[in-house]
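On the provided structure of chain Y, position chain F as indicated by the hints.
Protein chains: 2
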Amino acid sequence: MNPIYNFSAGPAGLPKAVMAVAQKEFINWNCMGRSVMEISHRSKEFIEVAQCAERNLRELLNVPDNYKVLFCQGGARAQFAALPMNLLGKSSKACYVDGGYWAHSAIEEARKYCTVQVIDAKTTVDGKAATTAASTWQIDEDAAYVHYCPNETIDGIEINDLPVTDKPIVADMSSTILSRQIDVSKFGVIYAGAQKNVGPAGITLVIVRDDLLDLATDALPSTLSYKLLDAKDSMYNTPPTYAWYLSGLVFKWLKSIGGVVEIEKRNRNKAAALYQAIDELPFYKNDVHVDNRSLMNVPFQLAKPELDGLFLQQAEEKGLVALKGHRAVGGMRASIYNAMPEEGVAALVQFMHDFAEQHSDS
Amino acid sequence: MNPIYNFSAGPAGLPKAVMAVAQKEFINWNCMGRSVMEISHRSKEFIEVAQCAERNLRELLNVPDNYKVLFCQGGARAQFAALPMNLLGKSSKACYVDGGYWAHSAIEEARKYCTVQVIDAKTTVDGKAATTAASTWQIDEDAAYVHYCPNETIDGIEINDLPVTDKPIVADMSSTILSRQIDVSKFGVIYAGAQKNVGPAGITLVIVRDDLLDLATDALPSTLSYKLLDAKDSMYNTPPTYAWYLSGLVFKWLKSIGGVVEIEKRNRNKAAALYQAIDELPFYKNDVHVDNRSLMNVPFQLAKPELDGLFLQQAEEKGLVALKGHRAVGGMRASIYNAMPEEGVAALVQFMHDFAEQHSDS
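These protein sequence lines map, in sequence, to chains Y and F.
The first sequence runs 5 to 366 under my numbering.
The second sequence runs 5 to 366 under my numbering.
Honestly, I wouldn't trust all of these hints.
If chains are identical, the list can't say which one is meant, so a pair holds when it fits in one copy or spans any two.
In the DSS-like style, the derived pairs of lysine-lysine whose C-alpha atoms are separated by at most 27 Å in a straight line are [to be verified]:
#, residue 1, residue 2
1, K48, K322
2, K256, K28
3, K48, K308
4, K269, K190
In short, the hints are calculated from the structure, not lab data.
It should be emphasised that the depicted structure is a prediction, and the values quoted were computed from it without experimental measurement.
Bound-form chain Y, shown alone (with noise of 0.2 Å):
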């Protein structure tokens, strides 16, 4: 049987290394004779678990003192209801940029809660989809802070400057966090779901600048509260703990691989593989300027879009799953985060070269 190379954009695959340990001590962690998923969240021992995984992320990413990381639950989309409610301070308005399915969508549950000022960062150069340059946006002097996703996973659109501003950069990073090197100094928040890059789904890391802890409104709900739940290290209620259980294990195995500067080595091979292999093959065909290509899904379209079953089908019996694009584009899409291994992206670069030859007409 042909190993499984996992390519779903979400929940996407966990490295084997990390299932491995987990399934192994299961129902026996720590020699304790119970899964760590039945113990207390307050025992010691699940905070040293707790603890580890902080340790690690702020590691890996060099997060500096004067932020705090919080696991939350309620995934990506309750922070799109969090955001607002937690920094507008007195403002009413907050800027958001808007490149795809993912910021609209922050946009608008943002604006239950206020005034919204868009940039719309959508464009198109040379015919492919792109976002315009951030030295063209203006924001806003009244908005509290500024919004934007650095990559949307649908159509496989990376914004890669900053907004250029002095107030709050909030970055929805749920599906770049841990790919690659960040600046975390340059960001008000930064926030992600989990089922990408760090664990399971049922976890979301929220990074935050300890001076916009103090902005909240009253009617915000406790466990919404970045104030209130940095005060209670992430426990104010019983966290998802196996979910955070696992999270822990992905940050030891990056940190065991060489840590995000290695990790991102293997992400740009991985996506210049593929994008080379659909550039270079007139059966496929990526819509993405560039520039804008995203590390981490590959959207690609057949030539022969009634071959897309077989495709799929064939792909499949390869052991190379989850290749069908999102419904709003159609085709295929490769998401390949960190747990893909460059060896599953040799794979089905093998596989479209061979299904190009049979099925080309030349």
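Just chain F now, with coordinates in the frame of chain Y:
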């Protein structure tokens, strides 16, 4: 080595049969060569997991057709905010029965959103902690709903009768759901964090009567909207898929042993055996009136509190773990949720006899 019997108040032990299945298929679920946590929540395979879990829960609790079952994130504490935001409608008042710590916590959160009529139900009878009769609770005419918590986990106090009202009754059943038969049709909303009788921490059940779906405020975070979650089959955003899957395994297990009728019988046997030991042995006492004793959480004190540490240590050596009482109460607490087998309680009772014999003065 003794078998481990886990008396944790939550996150609690899960049925051993469930954990064995989950471990076996951890990295190769459904013959797919990957974990159920590594597939899309929108895949047909996961949708079947989700729907099967709902079907089985409905069957176990005889949920009427006019009730919606939602699988949410954020724990019961997120519901503390979600309830008033979803249910107040044009009213600005809700009635909350205060029977202890958790009911009180729900009141504090509700106060952010409305005027709360508090009915203090805490009392003492014959020197024991008890609750007043529901027939004496005078519920304000303009309250939108009546909230209570049938079981207080910290004090081990149960409220056995329902509020007498024609308003929607809202019950925090985090620690009692599926432990006994209930008549769902008597409630407007039943909600429960999973980590006691349902599954791992990180997923929350909400069972809501469908006529209550249209009352929400506009300022409600989308992830807390019952109407939206219902419309999207609890997949408005990525749900905690692994917790959902494990909960589904627990529901299957419960059906396999005879459903709620059978587990209620076992739970009553377990509680009876434990309270009998406490009452028979002068070395132990429980401070709750017999009419209010919890079926799920049994706190007890030693006659010699200076031996608490030794009791816990020797119990742990016998595989009887997580018996330490909540810090607010001290002493011991045996949480005997559905997953605790009768043998576990028998082993605890035997140990309590032995320990009392060694350390009684007589």
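Results of checking the hints against the structure:
no., hint, in the structure
1, K48 to K322, "between (45 Å within a copy, 20 Å between copies)"
2, K256 to K28, "both (16 Å within a copy, 24 Å between copies)"
3, K48 to K308, "between (58 Å within a copy, 26 Å between copies)"
4, K269 to K190, "within (22 Å within a copy, 59 Å between copies)"
Hint violations for this structure: none, all hints satisfied.
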